[in-house]
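Trainee: When you get a sec, could you build the whole thing from the sequences and use the hints?
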Amino acid sequence: TRWLSLGQRVRDSANGRVQGNIYILHDEPVGCAEAMEIDRNYMQLIGHALEHANKAVRVVADHAFKEFAADPNQATGVMPSRLEVIEARWRQQGWHDAPQAVEHGQADPEFGFRTKGSDESNSLSSESEL
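Note that full-length UniProt numbering gives residue 5 to position 5 of the sequence shown, counting from 1, and the numbers run on in steps of one.
Treat each hint with caution, since some may be false.
Claimed, not checked - Derived DEER-like restraints, expressed as beta-carbon distance ranges:
1) Ser13 to Gly94: 48 to 58 Å
2) Ala88 to Asp12: 38 to 48 Å
3) Pro80 to Asp12: 37 to 47 Å
4) Asn15 to Val85: 33 to 43 Å
5) Arg89 to Gly20: 12 to 22 Å
6) Asn73 to Gln93: 17 to 27 Å
7) Gly16 to Glu87: 37 to 47 Å
8) Asp27 to Asp71: 28 to 38 Å
Hint data in this document are derived by calculation from the structure and do not stem from the laboratory.
Bear in mind the structure is a predicted one, so any value in this text is a computation, not a measurement.
Every residue gets a Cβ at the ideal spot worked out from N, C-alpha and C, and that includes glycine.
Mentor: See below:
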């Protein structure tokens, strides 16, 4: 789903065994071209997942593969800028058609009533209320 990318595998320099992996957690799903730039084995992972024994894994892999096939940037290999990604999302959600200024209603009191003026009957009863 491209929210998480494999950044690097850390290996022991003496024996070559994998010590761990470094993952990158994104604030939003990255595009297909960017996923392949970050992780060169991304499409290999999708290919293996398409043949996985678990049906849920196969369904997610199929969805990811179809997104890759439909991605206009995958053919060119050009990654859009963050600003272009945000703009595309806004256009997709219809935000670009939103009005520029918010119309305000009447200047009614915030709480729907006016506060009373100070008189002796409503005065503070102790110093701690100041």
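Trainee: Take the hints in turn and mark each one as holding or not.
Mentor: These are the hints, each one checked on the structure:
| no. | hint | verdict |
| --- | --- | --- |
| 1 | Ser13 to Gly94: 48 to 58 Å | 53 Å, holds |
| 2 | Ala88 to Asp12: 38 to 48 Å | 43 Å, holds |
| 3 | Pro80 to Asp12: 37 to 47 Å | 38 Å, holds |
| 4 | Asn15 to Val85: 33 to 43 Å | 42 Å, holds |
| 5 | Arg89 to Gly20: 12 to 22 Å | 33 Å, violated |
| 6 | Asn73 to Gln93: 17 to 27 Å | 19 Å, holds |
| 7 | Gly16 to Glu87: 37 to 47 Å | 45 Å, holds |
| 8 | Asp27 to Asp71: 28 to 38 Å | 19 Å, violated |
Checked against the numbered hints listed earlier, the structure breaks hints 5 and 8; every other hint is satisfied.
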